[in-house]
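Student: Chains as they are written, first to last, in the UniProt record's numbering: chain A, 1 to 376; chain B, 1 to 376; chain C, 1 to 376; chain D, 1 to 376.
Just so you know, the hints here were simulated from the structure itself, not pulled from any lab data.
It cannot be assumed that every hint is accurate.
When chains are identical, the list treats them as one kind, so a pair holds in a single copy or across two.
[Unchecked claim] Each computed SDA-like pair below joins lysine to any residue, with the alpha-carbon atoms no more than 20 Å apart:
no., residue 1, residue 2
1, K64, E170
2, K64, R238
3, K375, P299
4, K375, V292
5, K375, E240
6, K64, S211
7, K64, D243
Number of protein chains: 4
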Amino acid sequence: MTDTDTPVRLHAVDAPGQPVVTPELTELYRGFESELLVPLWTEIGDLMPAHPHPTALPHLWRWKNLRELASRAGEIVPVGRGGERRAIALANPGLGGRPFVTPTLWAAIQYLMPGEDAPEHRHTQHAFRFVVEGEGVWTVVGGDPVAMRRGDFLPQAGWNLHAHHNATREPMAWIDGLDIPLQYQLNAQFFEFGRDALSEGERTTPERSRSERLWGHPGLRPIGATSSAPGSPLLAYRWEHTDRALTDQLDLYAEGFASGTIEPGHAAVRFTDPRDGSDVLPTMRAEMHRVVRGTETEPTRQTGSSVYQVFDGSGVVTVDDHTWSVTRGDLFVVPSWSTLSVRSEASADDSDSGALDLFTFSDAPVFEALRLHRKA
Amino acid sequence: MTDTDTPVRLHAVDAPGQPVVTPELTELYRGFESELLVPLWTEIGDLMPAHPHPTALPHLWRWKNLRELASRAGEIVPVGRGGERRAIALANPGLGGRPFVTPTLWAAIQYLMPGEDAPEHRHTQHAFRFVVEGEGVWTVVGGDPVAMRRGDFLPQAGWNLHAHHNATREPMAWIDGLDIPLQYQLNAQFFEFGRDALSEGERTTPERSRSERLWGHPGLRPIGATSSAPGSPLLAYRWEHTDRALTDQLDLYAEGFASGTIEPGHAAVRFTDPRDGSDVLPTMRAEMHRVVRGTETEPTRQTGSSVYQVFDGSGVVTVDDHTWSVTRGDLFVVPSWSTLSVRSEASADDSDSGALDLFTFSDAPVFEALRLHRKA
Amino acid sequence: MTDTDTPVRLHAVDAPGQPVVTPELTELYRGFESELLVPLWTEIGDLMPAHPHPTALPHLWRWKNLRELASRAGEIVPVGRGGERRAIALANPGLGGRPFVTPTLWAAIQYLMPGEDAPEHRHTQHAFRFVVEGEGVWTVVGGDPVAMRRGDFLPQAGWNLHAHHNATREPMAWIDGLDIPLQYQLNAQFFEFGRDALSEGERTTPERSRSERLWGHPGLRPIGATSSAPGSPLLAYRWEHTDRALTDQLDLYAEGFASGTIEPGHAAVRFTDPRDGSDVLPTMRAEMHRVVRGTETEPTRQTGSSVYQVFDGSGVVTVDDHTWSVTRGDLFVVPSWSTLSVRSEASADDSDSGALDLFTFSDAPVFEALRLHRKA
Amino acid sequence: MTDTDTPVRLHAVDAPGQPVVTPELTELYRGFESELLVPLWTEIGDLMPAHPHPTALPHLWRWKNLRELASRAGEIVPVGRGGERRAIALANPGLGGRPFVTPTLWAAIQYLMPGEDAPEHRHTQHAFRFVVEGEGVWTVVGGDPVAMRRGDFLPQAGWNLHAHHNATREPMAWIDGLDIPLQYQLNAQFFEFGRDALSEGERTTPERSRSERLWGHPGLRPIGATSSAPGSPLLAYRWEHTDRALTDQLDLYAEGFASGTIEPGHAAVRFTDPRDGSDVLPTMRAEMHRVVRGTETEPTRQTGSSVYQVFDGSGVVTVDDHTWSVTRGDLFVVPSWSTLSVRSEASADDSDSGALDLFTFSDAPVFEALRLHRKA
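With the sequences and hints as input, model every part of the structure.
Tutor: Shown next as structure tokens:
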């Protein structure tokens, strides 16, 4: 590399807080450039702001539009080895066109046509699936077929071999969440192809996966199971349990008892690793929130970024100075230190009488592990 | 205290490894006594054996006999403030007549007549109840009524107020496990009386306790529940879950998969704190084991002591050089470093076709926390 | 075992809270005895007191007396294989003549004559040595000779082979602390003899042990040292460091800064495992306290028991309703939940001008690990 | 935002693994763009490589050049509020001219002229200073003046107020390490100005900082100090300790004992938090390595990135296919999964006879906390 192709470009400008532009300063900056150096004093405002100035922007994606484009992709884009998945990622408008919904998180709609297979592979990126509608696809994780149904949350920690198959006559869509941007920034990724075809034994769809039979009993640890690999060994958190837990919290509150609700009319559960109660994946937190119709949540903000998907109901969401009416399937992003509040209310075309159910995932475990978590 | 009432008594004897008995030695020993001193060299064999010489002995109590005596006590011994509980403790024959089943553990049969109340109190001793037969009693823990039914495991960490009520027309018996001997040795105990009567709202018997509605959903943490008190916040581990988990393990094994079983034909679950997967109580481990008919478990030994109760089925138990045929309800103790093996087999009067289900509790968390755990 | 030799003896008495004595009750108690059962209602006052009623009593041992008796033992009791150590243990007057200073702790004066060897062995009991006077003995732990000098604290976690040698022409005394009573109650002990003689290479007395060269640099971890055995890998905490740390705390306080002192005029350091900052041994906490002349410490009490030895200075100690004037070497015990306060003051024959330095050890890690710790 | 200014740009190309370019595909891609979507199949090779393809490149900066440019900056660029520090950062040639030495780490030379002050501020970014030459500057952290001398490592966890002052008649240079890029990517940063001038009491240079007097005694914890803020409370790790620890390791190895060395001729210590033995800062690991002259280290690679500075001696460094001769002060970067080996040898102008001492820092705690650590 010579002076002329150094990637460093410094512009001496007369500005408050900057040194006076002189020929000596200009010469100094040329010296910096040729040695691949950048002074702090030209960059400090960007690098060390008074509080987070998130690069990601608040944004809303309509499920209806995602669904249509994914369906169209289902018709004309094949799925198979190389492309690996028919997954279409949300690209935050503040992140330069990269398929990153936040600086750390990936969110995509994945779409599988009847009879299709998404081939087996594994990667260090931690992942999960969440099903807002439909059913019939199963994911085979480490040889264990896991059925996917509306409301189910299906984590899959890094380096587990996995494949998908649509065993029905209908296409199916769901969302994928991964820590692709985080691992991309960290240069931490490994990837391997798996087998090209699943065995016959894996092409069945049991009601419960083996992981659920082993780990899905409340408070009961299988003594002989000794895995200590990162991430939850439980591969499916079924909607019937999630729904019941939320209903119980709200009922307990109504009966006048300590209930685990976050605030009146706002129940929530976190998906956790049954081995130790920690977050379900080392880099991602996932939760389901229920906001009773008519309730408006207290505005809160925290470091780290989140993605929300409306699972059921409708309402109005405010993120900093953005306000959106949202309904089933809509996805929105809450950047670091942005203020979020949610109001649960009927929409014009909302015939259901129920609450606003919000699925959310975030990078909170990263912030907590690195002692960077702040809340207000 | 004068020389004459010192509790120390030293006897100089001519024995291998002991100093030669001389007038000087005798005088020295008198000096030791008057200063409340004891030399190591007279005690080392007892205090520092090559391996544990447990003071507790292997022993079996027959449920039939316990049940009869408890029933008789139900007739003639009232329950109420002062005595607090109609609990009758197993006194290990090696522990000098004290009501200690092992040096750290208390095990008792508790008996409550129709309509009776055991008054509210609390203590630092950690406790649980396990129900081998009957139903109809509920325990109110911190104001939360918890129904008790056959097969249920009901932990109750120290310092929670609790009372019992028998709401039926039948007497009911169950076993209590506590760490009374441990806390007695450690001089760690606190105790307080609670209210003399429960409120009307506490005199109902809901199907599920509030604790189960809050904490009993697999892998789901109620985000707003922030208790960090010691011991599980889940107050009931229901038989239906335990039974299903054991069945699942054995089925998975039969299907050829990693199953969590301890060995072929031997499934087991541990009752854990859903907040962090640790033992359900800080000083006691509790587990349910299922041994398939015809299976004999591998002999094992470990430091620390355990108590077992036959929940169902029948078989033959070997603890060191003791062998007992056991059937429903029978209790036996496995002292520290004693070797245990179990064979599941039909008994003469055993009409059921099933497995041998063994409930067990131990002081393993103490040994693990203090790094004193050894296994062979 | 027949009815006649059951260890259980129950006496039906007419007393408040006890069932009325009737022939039926007496018969019931005979039944209990023959089945090795003890009811809670006759025992609850003893087992479940309102607060700890420690079995150990506050007591003081004078170093002068211990020293004289140990010296006398040095003359007439040989040290060698079998007896293993010329250690003379403090027997708390409340503990029935057993060589237990508290229910969990052992404290002994050990004495080694010029040229004597205490043979190599190992045991699961955790141990330490503390030197109140003299020098010249070294302890070989796992082949590493560790010099012992006044003020040094020398931990030695369970299952490390160790021996002592007095390389000087003077006898030497020090105190040993172990968790013998705890492991005795728990039936957790293992013991093995080591070699009968040390190698020549082990018969030198380096200024610093190998453990200090590896682990004795503040905040610096040797990357290639990977031991995870229980207890500190650092085998000597030298007085020069302890003294300086205490001096620094008091100076910082005098200069007006946050200083780590516990209260004005009362500095203290805890001996910790440099790998993780935890207590130096899994079952024992050890600390050095310095109380400036004229200072009286705030009375405090906590669950768990402690032993103190005056390392330097003199003063007045109050434990519950016992008050003692103490001077160098004196040892006293603080039972569970007993209130302790210390006043540092000159004694009649105290020529030094300095503070009262108190070495102390306790079973606090046991209480903390088991969540039984309370403080007032 | 309209279709025309979407940041997403997708180009349909005929390539292996990509869908055939058709008008329908092009239309689909236009739809993706307008909805801010990006398919996985066009990005997977970049986002999910078989192993890390680090964006950072191996690179070497010569201390001589850094020193000269910093000195020149000392003459013409003032230091004060706004620019805050005369720090000049190493810009990795693979990171687009940003002042990031790796994707997570910042490394800069900081330069302070005689009598200059760098004003007080604080920020969430974790930081340290390491001194390769000179002395005379002290850093005031939370009011505690910390002298800086050759070989000292001075950590400073996030959110501590700090300022620098050069109290001598000579300029002084040192290196700063921070996690600026990591916190920039995560949008986690907070920043506050402190006071504009230090108090007189802070303008002294004690031999030892208060932090060292409180926390710098090996294995001794000040009991009354209760801070649990992230990062080490010890603000200076002095060269005399580091040097001695390394010397001891090599001596122990030479004497034939377990020594903590990583491999023959290669000693190393990690700077740790004395409270718990964890890494000195939550996001950065720092170590000092000593490679004996003539030794070549085993090639190793790991996920995560490191920066090295030659503290003393000289040698030859190989990072993947780059090889550099290095001498005192030179800095080089080892990207994620790049292979590093070092040979210690005399250079032409190297008059010292000693070993190659390498200071290094990395983002290893991030990788370990997130379970992304791999090593080969």
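Student: Look at each hint and say if it fits the structure.
Tutor: A quick look at each hint next to the structure:
In this homomeric assembly, K64 and E170 come within 20 Å of each other (Cα to Cα) only inside a single copy, at 17 Å, whereas the closest approach across copies is 61 Å. In this assembly of identical chains, K64 and R238 lie within 20 Å of each other by CA distance neither inside one copy nor across copies; the values are 24 Å within and 43 Å between. Taking CA atoms no more than 20 Å apart as the test, K375 paired with P299 passes inside one copy only; the shortest distance there is 11 Å, against 39 Å between copies. With identical chains, the CA atoms of K375 and V292 are never at most 20 Å apart, being 24 Å at best within one copy and 44 Å at best between copies.
Taking CA atoms no more than 20 Å apart as the test, K375 paired with E240 passes in neither setting, with 31 Å inside one copy and 41 Å between copies. Taking identical chains as interchangeable, the C-alpha atoms of K64 and S211 are never at most 20 Å apart, the minima being 33 Å within one chain and 40 Å between chains. Within a single copy, K64 and D243 get their C-alpha atoms no closer than 24 Å, and across copies no closer than 44 Å, so neither meets the 20 Å cut-off.
Violated hints for the displayed structure, listed by number in ascending order: 2, 4, 5, 6, 7.
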